[in-house]
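K.L.:
One letter stands for each residue in the lines below.
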Amino acid sequence: MIAGLGVRGLAVKRGERRLFEDFNLAVTAGEAVALTGPNGAGKTSLLRAIAGFIRPEAGEVTFAGADGTLEPDEARRGGVHLLGHQDALKSNRTARDELLFQVRWTGGDDAAALTAAETLGLTRLLGLAVRHLSAGQRRRLALARLLASPRPLWLLDEPLAPLDTQHRALFGALMAAHLAGGGLVVAAVHDPLPIATRAVELGA
Amino acid sequence: MKALWLIFRRELALAWSGGGGPLLAIGFYAAVATLVPLSTDPSTHNLAAVATGIAWVALALASLLSLERMFERDFEDGALDLLMLGPASAEAVAAAKCLAHWTAAGAPLAIAAPLAAIALGAPPSLAPLIFVTAAIGGVAFAFVGGTGAALALGSRRGGLIIAVIVLPLLSPPVILGGGSLTAFAAGLPWQTGLLLLSAYTLGAAALCPFFMAAACRNALS
Numbered sequence: 001m002i003a004g005l006g007v008r009g010l011a012v013k014r015g016e017r018r019l020f021e022d023f024n025l026a027v028t029a030g031e032a033v034a035l036t037g038p039n040g041a042g043k044t045s046l047l048r049a050i051a052g053f054i055r056p057e058a059g060e061v062t063f064a065g066a067d068g069t070l071e072p073d074e075a076r077r078g079g080v081h082l083l084g085h086q087d088a089l090k091s092n093r094t095a096r097d098e099l100l101f102q103v104r105w106t107g108g109d110d111a112a113a114l115t116a117a118e119t120l121g122l123t124r125l126l127g128l129a130v131r132h133l134s135a136g137q138r139r140r141l142a143l144a145r146l147l148a149s150p151r152p153l154w155l156l157d158e159p160l161a162p163l164d165t166q167h168r169a170l171f172g173a174l175m176a177a178h179l180a181g182g183g184l185v186v187a188a189v190h191d192p193l194p195i196a197t198r199a200v201e202l203g204a
Numbered sequence: 205m206k207a208l209w210l211i212f213r214r215e216l217a218l219a220w221s222g223g224g225g226p227l228l229a230i231g232f233y234a235a236v237a238t239l240v241p242l243s244t245d246p247s248t249h250n251l252a253a254v255a256t257g258i259a260w261v262a263l264a265l266a267s268l269l270s271l272e273r274m275f276e277r278d279f280e281d282g283a284l285d286l287l288m289l290g291p292a293s294a295e296a297v298a299a300a301k302c303l304a305h306w307t308a309a310g311a312p313l314a315i316a317a318p319l320a321a322i323a324l325g326a327p328p329s330l331a332p333l334i335f336v337t338a339a340i341g342g343v344a345f346a347f348v349g350g351t352g353a354a355l356a357l358g359s360r361r362g363g364l365i366i367a368v369i370v371l372p373l374l375s376p377p378v379i380l381g382g383g384s385l386t387a388f389a390a391g392l393p394w395q396t397g398l399l400l401l402s403a404y405t406l407g408a409a410a411l412c413p414f415f416m417a418a419a420c421r422n423a424l425s
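Those sequence lines, one after another, are chains Z and R. For the first sequence, the working numbering gives the first residue as 1, with consecutive numbering after it. For the second sequence, the working numbering gives the first residue as 205, with consecutive numbering after it.
These are computed hints drawn from the structure, not numbers from a lab. Note that the coordinates shown come from a computational prediction; the quantities given were computed from them, not determined experimentally. There could be a bad hint or two in this list.
Stated by the list, open to error - Lysine to aspartate or glutamate pairs mimicking EDC-like chemistry, simulated, CA-CA at most 20 Å apart:
1) R:Lys-206 x R:Glu-295
2) R:Lys-206 x Z:Asp-109
3) Z:Lys-13 x Z:Glu-60
4) R:Lys-206 x Z:Glu-74
5) R:Lys-206 x Z:Asp-110
6) Z:Lys-13 x Z:Glu-57
Could you put the whole structure together from the sequences, leaning on the hints where they help?
P.N.:
If you want it as structure tokens, here you go:
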């Protein structure tokens with residue numbers, strides 16, 4: 001169970017370009033961080049470095065548990081939800097199949113998946129193929145996975161972009177509940193999130 | 205184990221439905237096996253001599269068909285991220301993908317192979333051995349093919365690259381499987397070929413998941 005995220009002296013290079021260096025960040029349970037910065041500042045790369053996909057040029061990412069430091073890969077496997085620009089959904093499978101697979105794969109159960117679908121107003125859409133869903137509906141389906149399988153650290157890349165006003169507010173409330181339950185959120189955003197966040201600017 | 209079963213079932217559902225299923229593989233297989241006699245002297249005597257060879261070459265070609273989708277689809281829609289952050293290691297995910305690929309395409313092809321060979325004039329007594337060698341060789345095709353698919357991740361028109369990477373690596377199973385069949389037909393000891401084919405398959409199944417996992421990590425970074 002991740003209770004803290006630490007990023008120390010991180011430097012990330014993409015191709016020949018160094019995006020940022022000596023970047024530090026500490027996030028504790030119950031805290032949300034809004035990463036801002038111009039296009040190309042490295043917001044997505046930072047999220048992917050925290051998730052372990054990008055090997056940083058220097059520095060380290062550490063995860064703290066309730067009692068001591070966690071082994072990074074183990075912590076990621078059991079405790080990180082990464083939601084990128086893409087929704088990781090297969091267009092020719094039904095919303096139900098995709099949601100249930102994603103929830104089971106990330107450690108949740110079917111009942112939680114269906115409850116999450118109801119919370120996000122997806123129940124009537126579950127029988128449809130993913131290709132028949134709108135961008136906003138697909139994003140809500142991807143967000144349902146975050147609600148249904150209990151993983152403390154949410155790494156979100158522009159999570160609100162395709163959502164309408166009503167669902168932005170709803171997701172804000174859900175994020176607030178996640179934080180109240182000891183969760184951590186690091187989100188790359190251009191528009192402010194509908195919850196209290198600590199702003200961190202990249203490329204300033 | 206539960207996680208592996210979960211990913212295997214998903215991959216199987218995807219391979220079965222997503223335009224790369226057993227019917228496509230068998231249709232392609234039948235087309236290749238039919239084209240060869242059309243291109244040469246179709247006398248029974250002539251064809252019977254190369255029937256098992258044709259069956260094996262067609263098998264190698266047909267197993268290339270849906271390789272491109274194996275990792276590329278998950279890479280493009282972001283699902284590969286999700287798979288890497290799951291309960292099973294990347295190596296286990298890759299192995300499950302290969303086994304699902306074999307179940308959806310390799311196993312049906314192993315059933316089609318004896319039929320094709322007999323239709324081309326191979327003696328029916330060869331059928332069981334053709335099935336066994338095709339089934340075992342098919343597993344090697346899936347693991348070696350999966351490695352090619354993972355290496356080609358992110359490149360445009362990856363299918364061609366995969367074919368160029370993978371086909372040379374399929375030559376040992378083709379030689380061993382086809383050789384075992386030729387020996388059997390000639391009344392010579394055929395067991396060695398089958399054992400070596402099995403050894404190649406086991407080696408591929410043991411090593412390829414590591415290559416695939418490394419290639420996926422590289423593509424995602």
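K.L.:
Would you mind marking each hint as holding or not holding in the structure?
P.N.:
Comparing the hints with the structure gives:
Straight-line distance between C-alpha atoms of Lys-206 of chain R and Glu-295 of chain R comes to about 15 Å, which keeps the hinted pair within the 20 Å bound. At most 20 Å may separate the alpha-carbon atoms for a hinted pair to count; Lys-206 of chain R and Asp-109 of chain Z meet this at roughly 13 Å. A C-alpha spacing of about 14 Å is found between Lys-13 of chain Z and Glu-60 of chain Z, which places the hinted pair at or below 20 Å, so the restraint holds. Of the pairs offered as hints, the one joining Lys-206 of chain R and Glu-74 of chain Z holds, with about 18 Å between alpha carbons and a cut-off of 20 Å not exceeded.
Distance check on the hinted pair: Lys-206 of chain R and Asp-110 of chain Z sit about 15 Å apart at the alpha-carbon level, within 20 Å; holds. Between Lys-13 of chain Z and Glu-57 of chain Z the CA atoms are separated by roughly 6 Å; this keeps the pair inside 20 Å, and the hint holds.
The structure meets every hint from the earlier list without exception.
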